[in-house]
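Student: Sequence:
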Amino acid sequence: MTALLEPAEMTEADARTIAGGTAGSVLMERAGTAVADAAARWPYPTRIGILCGPGNNGGDGFVAARILAQRGFKVRLALLGSLSALRGDAATAAGRWRGPVESARDIDFAGFDLIIDALYGAGLTRDLDGEARALVERMAASGRPVIAVDLPSGLDGRTGQVRGAAARAVETVTFFRRKPGHLLLPGRLLCGRVRVADIGIPDTVLDAIAPKAAVNDAQEWGAVFPVPAAEGHKYRRGHAVVVSGGPWTAGAARLAARGALRAGAGLVTVACPQSAHAIHASSYSALMARPMEAPSDLARLLEDPRFTAVAVGPGLGIGPETGALMEAACGPGRAVVADADALTAYRDAPDALAAILARAQSAVITPHDGEFARLFGEDPAVAAAPSKLERARAAARRVGAVVVLKGADTVVAAPDGRATIAENAPPYLATAGAGDVLAGIACGLLAQGMPAFEAASAAVWVHGEAAREAGPGLIADDLPEALPAVYGRLFAELASSR
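At position 409 of the sequence shown the residue is numbered 409 (the working numbering), and the sequence of numbers has no breaks.
Possibly wrong hints are sitting among the right ones.
What the hints assert, rightly or not - Pair ranges (Cβ atoms, derived):
#1 Asp127 <-> Gly20: 32 to 38 Å
#2 Arg236 <-> Ala294: 29 to 35 Å
#3 Arg126 <-> Gly72: 34 to 40 Å
#4 Ala229 <-> Thr125: 48 to 54 Å
Calculated from the structure, these hints are not laboratory results.
Being a predicted model, the structure only gives us computed values, none of them experimental.
Backbone N, C-alpha and C fix where the C-beta goes; we use that ideal spot for every residue, glycine too.
Can you make the complete structure from the sequences, with help from the hints?
Tutor: Below, the structure is given as structure tokens:
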């Protein structure tokens, strides 16, 4: 259930199901029934207003109206447009409705306790305007709770962006699989609780559609997540290196190093200037610290093939030396995580960054929006992308590395188009140093041999779960300490599925 379908892919899923022998009218009947079931959970006698649009979304609304009326609910139906303009399955559904059809233009929302928004679904491809926009704006201003069919009308199912206007729903009923717009901001905030209804589309259609976006969940990466084995030892769990700046910014590297340790790396070394050596050597007993006064020192340290992953960036500063440290970190046989200052050092130079990252065995970059804009601000392909998901994909193709575009809806994208969207990050995760811990977790997973896309996605997920475990008031230092509880639950889940 983790696959996300873009509107065009959902249209293909419908078409393949119909071609397989299930009539479109049957799919519509099931969809409308699911909507009616959601509304019927409200206490009787809720007065329900159903707004139907001119397409199949409106057809779902006609079905829901008929079923709710049969169940004894007080239902009024309003249509945007004319009955004569309805076509296909929507016209059939409208023909089975025996009640009056009011004009949506004249509808008074004060007469409703609940609104079903069946105007437009995920396939909206233009901004709402004119009568449609005015209607949605009145619905939004009415103060009445809304159940949205597929997506709140005016919300783009592909991008999560508002196309002109949209009313916030308390609940959204969608079909077969969620759409990116259900998870990407601001769409997620407008959808309320999202229910996915089974309307009889077989899972086998996904084999032909081959969607490349998914909800970030253990189903997407659990099969390759490194679970310690009884016969294992620390050297089999990899050796991560975190590159640190001087004493004034050593905290960022310490957070990353602690994240790598808690993520399961067998050994973690901090490479740091002599001025910061005592800070790191005395911070965590499990950490090792090695002096590094120049990029050449890091290069010599990493000649040892036992170092399997390197994190570069937290607290380094953005001088020329940071770029040189990146060059030293990227080499064959090693995975690299580039974060924070390591990315800003290549501002407006994604090709230069790509050339450096290509030298590594695998690479992950972890920008927040500001770092992303500085790095890719002049890239026309990224600028033209219509959504956060597509921006991350375009950036991943440009640098040839996995991109973690952070935020409440963090997107992880691979150069081949695969992507995950996170939905488990609580708002209190937005705190100083949290990104450093994320970079460390990703480095720790890479050190253990996890593939880059899966490691980055897993790091984002466990980072969010650690924040939920720590709870409100968390600071970044709490995140590594919350990982054992998260790992305990995750390992139990993976044990039951392997």
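Student: Could you run down the list of hints and mark each one as holding or not?
Tutor: Checked hints:
no. : hint                          : result
1   : Asp127 <-> Gly20: 32 to 38 Å  : holds, 35 Å
2   : Arg236 <-> Ala294: 29 to 35 Å : holds, 32 Å
3   : Arg126 <-> Gly72: 34 to 40 Å  : holds, 39 Å
4   : Ala229 <-> Thr125: 48 to 54 Å : holds, 51 Å
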